[in-house]
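*Asks:* Read top to bottom, the protein sequences are chains E and S.
Numbering (our numbering) for the first sequence: 1 to 267.
Numbering (our numbering) for the second sequence: 1 to 179.
It should be emphasised that the hints constitute simulated quantities derived from the structure, not laboratory data.
Built from N, CA and C at the ideal position, the CB exists for glycine as well.
Be careful, since some hints might not be right.
Residues on chain S that point at chain E, a partial pick, calculated with CB under 10 Å [as the list claims (entries may be wrong)]: (1) 32; (2) 35; (3) 51; (4) 55; (5) 56; (6) 103; (7) 107; (8) 158.
Chain S regions said to be covered by chain E (calculated; three or more residues, Cβ under 8 Å) [what the hints assert, rightly or not]: (9) 19–27; (10) 109–119.
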Amino acid sequence: MADWEQLRELAHEVVPPEYGSLERMARRRQRRAGIVVGTLAALALLGGGLGVASIDDPEDTIRPAGDPTPSQTDGTSALPLPGAAGDPVILAAGRYRIPLDNSLSFEVDLPDDTSAHDRGLFLATKEFVLKTELAGPRYGVPRDPCADQVIEAVGPTVDDLVQAMVRLPGYRLTPPEQVQLGGVDATYLEVSLPRGYDASECTDGTLQLPGNPTTAVGGPPPYVGRWWVLVVDGKRVVVQQNCWGCSRAAFDRAPRSPQTITFTTTP
Amino acid sequence: MDGVRTAEGIDALYAASYRRLVVQMYAICGDLSDAEDAVQEAFITAIRKHRTLRSVDNPEAWVRTVALRRLHRGWRHLAVVRRHQALDRAPEPAAEVGPEHVALVAALALLDPGQRAVVVLHHLADLSVAEIAEQLDLPQGTVKSRLGRGRRRLGELLVESESESEWERESEREEPSHG
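Bound conformation, chain E alone (with noise of 0.2 Å):
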């Protein structure tokens, strides 16, 4: 049986950190949207437009999209069990094969010392976060990656998703590409967030990725990501590569190993 009683004693051991300090962090933040507000407010008055994303890094330019070619592996093995409190699986080198659900499961060329994240949903190399899930009728975008995150819900075919994606504000992509990814037909989207776009007023700093709500994470400039949309056994299937704090470069001479996914299905 559960023991909640002893989870629960478990507050006893709980340090509150002084309520002060916390009062402290909120005023600073408080000054700190007071001044964005402010010069926001100024430019606006000066008739000096809003640029939110002021941007001349050279290697946040995008390029032309790529077709990914996949590539094969053998000696698959099926993901290790997360240890004690869900902790994360340290990975060695190799090929794995993790489930989406009951009856689909990609398999992935990974490199060493990746961990492996909610049963492999999060897949972490030293380069980059592989996230890789089904997108039902409830996966989305963001309202406004920015200020408004929650997710929405935007339509049930690939075409619905990829729309809402490139409508999203924030983001830079590139235009659809259609690829392969793993033998099957797959949309295929660049996405970056440059170094100087100014996330002071977004929600903590950060800006979401489209993601099922109870599975969207977001992150602060700069981002750097690759997505891909597909349907595997009448399922919509999306791959994010996502990399924050990545430069470009640093992004494409990292391991290769959403190319490497391939798809298989059980009775």
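The hints should help you fit chain S onto chain E, whose structure is shown.
*Replies:* Chain S in isolation, oriented as in the chain E frame:
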């Protein structure tokens, strides 16, 4: 006007509820540092939005909802990024987690995330099905089914865990002493 200075009553709410909210978030996310971060951020938001907080019926529920949203949005990403991309490292948690807590939290971590949140809010935060439905913005039927399935699965996982522990204890007893 300094909004922070007029945030009366939040310090009392903080003193009364911080610890239990941290434990609830810990049971959901499995990481005490992330749980503390989420609750602290929720209180910072509460201080900044004290006028909104004054207008709600249940301020603790409001803070919990903010902390939950933060967990959903951020904990996976932050945990991943902290570890692998050398961003801000989380401070050490202010409490020690003993093995007696780990077993239950480890079993909770194996539940579907939707079931986990419902089970924790019901058993640890003592919320009713209706309250959970309201706080998670879910139909009551969904909460009931998640609660039922989550409880069953949690029971199975704890039995498995207990059997393994028993087996390990017996193995240790049978090991010849080398001392």
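*Asks:* Next, verify each hint and record whether it holds.
*Replies:* Hints versus structure:
1. 32: 8 Å, holds
2. 35: With a minimum Cβ separation of about 9 Å from chain E (threshold 10 Å), the hint on residue 35(S) holds.
3. 51: At 13 Å from the nearest chain E Cβ, residue 51(S) fails the 10 Å test, so the hint is violated.
4. 55: At about 18 Å, which exceeds the 10 Å cut-off, the nearest Cβ of chain E leaves the hint on residue 55(S) violated.
5. 56: 18 Å, violated
6. 103: 8 Å, holds
7. 107: 8 Å, holds
8. 158: 6 Å, holds
9. 19–27: holds (count 6)
10. 109–119: Satisfied; 4 residues make the cut.
Against the hints set out earlier in the document, violations occur for numbers 3, 4, 5.
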